[in-house]
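All chains should be built: construct the whole structure from the sequences, respecting the hints.
Now for the letters of each chain:
2 protein chains.
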Amino acid sequence: MLEKIRAPQDIKSFSMTELELLSEEIREAILNRVSQIGGHVGPNLGVVELVMALHYVFDSPVDKIVFDVSHQCYTHKILTGRKEGFLDEAVFSSVSGYTAPQESPHDHFVVGHTSTSLSLATGLAKARDLKKENHNVIAVIGDGSLGGGEALEGLNFAGEMNSNLIIVVNDNELSIAPNHGGLYQNLKELRESNGTCSNNFFKAMGLEYVYIEEGNDLASLINIFNDVKNSQKPIVVHVHTDKGHGYSFAESEKEKWHYNMPFDIKTGESMFKFDDENYNQITIDYLSNKIKADERVVVVNAGTPGAIGFTPQIRDEFKERFIDVGIMEEHAVAMSSALAKEGCKPIFWVLSSFVQRTYDQLSHDLALNKNPAVILVSWGGIGSNDATHLGIFDMSMMSNIPNLLCLAPASKEEYLKVLDWAVDQTDGPVVIRVPNKVVSDVKLSENTVFSKPHFNIIQKGSGVALIGLGSSYWTAKEVAGLLAEKSIKATLINPLCYSQVDEKTLLSLEKDHEIVVTIEDGIISGGLGQKIASFLGSTDLKVLNYGAKKEFTDRADVKKLFETYHLTPEKIVEDISLMLN
Amino acid sequence: MLEKIRAPQDIKSFSMTELELLSEEIREAILNRVSQIGGHVGPNLGVVELVMALHYVFDSPVDKIVFDVSHQCYTHKILTGRKEGFLDEAVFSSVSGYTAPQESPHDHFVVGHTSTSLSLATGLAKARDLKKENHNVIAVIGDGSLGGGEALEGLNFAGEMNSNLIIVVNDNELSIAPNHGGLYQNLKELRESNGTCSNNFFKAMGLEYVYIEEGNDLASLINIFNDVKNSQKPIVVHVHTDKGHGYSFAESEKEKWHYNMPFDIKTGESMFKFDDENYNQITIDYLSNKIKADERVVVVNAGTPGAIGFTPQIRDEFKERFIDVGIMEEHAVAMSSALAKEGCKPIFWVLSSFVQRTYDQLSHDLALNKNPAVILVSWGGIGSNDATHLGIFDMSMMSNIPNLLCLAPASKEEYLKVLDWAVDQTDGPVVIRVPNKVVSDVKLSENTVFSKPHFNIIQKGSGVALIGLGSSYWTAKEVAGLLAEKSIKATLINPLCYSQVDEKTLLSLEKDHEIVVTIEDGIISGGLGQKIASFLGSTDLKVLNYGAKKEFTDRADVKKLFETYHLTPEKIVEDISLMLN
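Those protein sequence lines, which keep their order, are chains A and B.
Be aware that the first sequence starts at 167, since it is given in this note's numbering, and climbs by one per residue.
Be aware that the second sequence starts at 167, since it is given in this note's numbering, and climbs by one per residue.
Simulated from the structure, these hints should not be mistaken for lab results.
Hints may be right or wrong, so weigh each one.
Copies of one chain are not kept apart here, so a pair can be met inside one copy or by any two copies together.
In silico BS3-like links for lysine-lysine, alpha-carbon gap of 30 Å or less [to be verified]:
id, residue 1, residue 2
1, 297, 485
2, 536, 726
3, 354, 369
4, 737, 618
5, 458, 297
6, 456, 298
7, 249, 536
8, 726, 670
9, 170, 583
10, 298, 458
11, 609, 643
12, 170, 737
13, 715, 618
14, 298, 643
15, 485, 369
16, 643, 170
17, 249, 737
18, 609, 422
19, 652, 670
Dropping the structure here:
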């Protein structure tokens, strides 16, 4: 069947039997791709029928479908001219794992963060109304995404609209991990009463509402979408789907099969081995001991427990000392601020790409109030991420908020010392950037001053000073090695702090240095290097800033990126040599 | 009665008659202060009885009351030892208009942005539970604040809690302006059914619920708070209050009397005259014409129409081309992105202090998608604002987000040219910082390149180059004047763009300049000056960056602040002279 599909219209003439056959082929295609290059298994297998039914009933791209997070868009991509990205290994990379307008007119937004679809869809609907056009706008949002503030704002706005908007709530009873919050009790009640219980969150928001229990049954889905098509009021279609449907491993272990690295389809075994030692495990080991030793320590996370190694087993061990608030970063930060205010020791553990979802709470609720919460940022740095999940903005963003002491340790020992200090101190909020690569270097942890900027001189030299922040310290060290081969003994500095410069140490360089080189694993724009360049602007010292360009890169070739950014030791040495001549 | 009040316990022995009398005296005290120095009139007059009843029933500060936005905390301040700040003109300034822990242990957070109280209160409650303590936590949140994403996240979290949390929804049927969204239809239904209608947003969220119609009746309020005191479940107390209660002008014109400059108590007449010409009016005049000429133009605002001059009359004129989404900045940006994607021309008009509430949407929903929406930022710059409402962070924050073209025009003519260009262009999102002071200078608008950084050289000189961004251009011009008196003909530059440097123009300075001075009306940290210092770091040019320090100042003496920051023309000339010698 798949061979016949060039565009979504092609399925409109299919019989039910042909559609059923097609759904099986789509599942195979999805598994073909994710088993080889990884991807979102459960979310995509769960909505094969739902997405097919949408394309069967509606006329994309005139009717516009907006996927929330869009990690469940594989069937949509297969039906809209991009099936090769699932069938042919050679062109897998031509198709991203998220909606992408540059790939197809059937995709309307580049999306990867949660909770955005309702606001985006209301905008499409408002534009349609202003332009006096007449098509359907459909938002597809998972139950997990629904708890995020932006989604709830969008729902509130939709509740007052008086025109077509179809909100498909894809309820698979799970976020990445189990959901949290009162809203989810209501979804449960709605599922259990077949949508008839008296408390109805959506109706209370002013929306029309229908429920469908058979969320993986094509005929039922087609019927209901035909019913709501061209609705002149916003309407919620609450669909109960089965995450991982049609693939037994994913059906039975839903959390584990949300996102997977390459695996063997037959056995379900992962083909990917994690390094023996990683910062998730190092951190969890530390925290396990800490919560036993100190009853005020509490770990907070916003819907990504798996990404930080908090498996169901470890969550059981932490009990009420691990609070997963669901995908609600804003709430997580504000709540952490209040916990710290009352003498508890909250550690909000978040991924770099998502910490930007809570800027105002970091500034207004936390930093302004100087409450000593710890923000632990993982997955930061230049990598081959999707454009929606870059880890290069967190340091620049947070380093410009007052009262946030931001630290980027470089070694395992330094990290653990900084973390332990941060949890126990009571001066104010501390942000810690978790390093990427586990490197052991006891010397780096000898800096005992963490409470204020203290740039640690690891090697004293002259002429050239190399300041390498966090993971970039190791690049700076390599540069020092290469310079030594040229008989230049550079000064090597581990700054640790990136929210403020250590004025005394910087000024001490004036005497016998010409060039100060800064290296950081994030955008240069707004980062530590620019703070140093600014502070030294009135001196005779030359400053060279290295880091990422302020740009959205998409699944970049990291090696090439480092070359382009001149972030390799060799390139940096070349630049320095040019300046010295 | 007021004379007898030293602490909230003092009212617990009062009779009903004495309490009534006290409420009148409190209203007088509030009016005494706001009529002389301005403040939030309606919100405070509306909750006199509510706050008195809270303090009568609960035991602050053991029981903890968290005010949302906290602009309604005047009665609380009067009852908790700070009445002089309302009675005695000489010490008005010793008491801020928001809760402030540094003033009193009865205040738990510095708060000024909306929608934070629920998350903060759940944090206090969680801390209490972890510490096995046993007191009440009360959040007081207005209906307007309830629509914000952070509040909805907090409510969702509360719905799953199993311990004491009392959520007082102070429903005066108004945000600053009329509310928007489906939620508000439900609040209306609840009010009209005395809390008994079948659709109940709060119950659907898993919360217990009681309604009280007589929100300005002390006895009723005391009864209901006694009922819910020590509740072992989160419970919503939905109170219907009358905004502006007890002051006829404020009762009848509620939107106008939300916040007021000094006024005559007897006549209600404002004692404050606005300048003849201001940027609100200039912008509205422009937009009035633009919406007539182009049916795709639509103005979006998030709950602050009055602050940008959109009076009810002007809103009527704009009809569906003005969308006030309520206090939902995240939704506003995402919706604007989708409107722009579909060929509409949205202009999201927001205040500097609130644009930080939507960082992720600016980056992920808008900039990543390169949709040509316009973000118009008013009230930016160094001023005597409360610490919660500073206008110094917006430029730094936005200038480090890729794909956002950020422009800060300096004159009226330049502003109008930039605005008109931005609305019509289709390349991507454009941020415009609305200037503070209306200055006319046709010359500045001669820069016809707005689409990329183009630093405009207004006066060509040598030795010293002065780059003054936006409002700071006029400071740079004054500096040029003072330098001319010392026979130094400085180069004077209007950069306009603050998201990127104009490399060519900067490099052209190398030939015959020694010092580059940058001046901006916001924090130096992460701003344009540091981008320039970084870019010129490898040249022989010295760079001096001027702007605000990265800090939260509270109602600062602006003159002193400018002195401290060396932001006066005289100080800058002093610094330059020192460097030239």
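Structure-based check of all given hints:
Taking identical chains as interchangeable, the C-alpha atoms of residue 297 and residue 485 lie at most 30 Å apart only when they sit on different chains, with a minimum of 15 Å there against 53 Å within one chain. In this homomeric assembly, residue 536 and residue 726 come within 30 Å of each other (Cα to Cα) only across copies, at 24 Å, whereas the closest approach inside a single copy is 41 Å. Taking the shortest alpha-carbon separations for residue 354 and residue 369, both the intra-copy value of 15 Å and the inter-copy value of 14 Å come in at or below 30 Å. Taking the shortest Cα distances, residue 737 and residue 618 sit within 30 Å of each other only across copies (29 Å), while inside one copy they are farther apart (32 Å).
Taking the closest pair of Cα atoms, residue 458 and residue 297 come within 30 Å of each other only across two copies (15 Å); inside a single copy the shortest separation is 61 Å, beyond that limit. Taking the shortest Cα distances, residue 456 and residue 298 sit within 30 Å of each other only across copies (19 Å), while inside one copy they are farther apart (61 Å). For the identical chains of this complex, residue 249 and residue 536 are inter-copy neighbours only, at 27 Å across copies versus 52 Å inside a copy, given an alpha-carbon limit of 30 Å. For a Cα distance limit of 30 Å, the shortest separation of residue 726 from residue 670 across copies, 26 Å, qualifies, whereas the shortest one inside one copy, 37 Å, does not.
With identical chains, the CA atoms of residue 170 and residue 583 are never at most 30 Å apart, being 61 Å at best within one copy and 53 Å at best between copies. In this assembly of identical chains, residue 298 and residue 458 lie within 30 Å of each other by CA distance solely across copies; the values are 17 Å between and 63 Å within a copy. Proximity of residue 609 and residue 643 under a CA criterion of 30 Å is satisfied intra-copy only: 13 Å inside one chain copy versus 51 Å between copies. For the homomeric pair residue 170 and residue 737, neither the shortest alpha-carbon distance inside one copy (51 Å) nor that between copies (75 Å) is at most 30 Å.
In this homomeric assembly, residue 715 and residue 618 come within 30 Å of each other (Cα to Cα) both inside a single copy, at 28 Å, and across copies, at 17 Å. Taking the shortest alpha-carbon separations for residue 298 and residue 643, neither the intra-copy value of 62 Å nor the inter-copy value of 49 Å comes in at or below 30 Å. Taking the closest pair of Cα atoms, residue 485 and residue 369 come within 30 Å of each other only across two copies (27 Å); inside a single copy the shortest separation is 35 Å, beyond that limit. When the C-alpha separation of residue 643 and residue 170 is checked against a cutoff of 30 Å, the pair qualifies neither within a copy, at 57 Å, nor between copies, at 69 Å.
Taking the closest pair of Cα atoms, residue 249 and residue 737 never come within 30 Å of each other, the shortest separation being 41 Å inside a single copy and 66 Å across copies. Taking CA atoms no more than 30 Å apart as the test, residue 609 paired with residue 422 passes in neither setting, with 38 Å inside one copy and 63 Å between copies. Only within a single protomer do residue 652 and residue 670 lie at most 30 Å apart by alpha-carbon distance; the minimum there is 29 Å, versus 34 Å between protomers.
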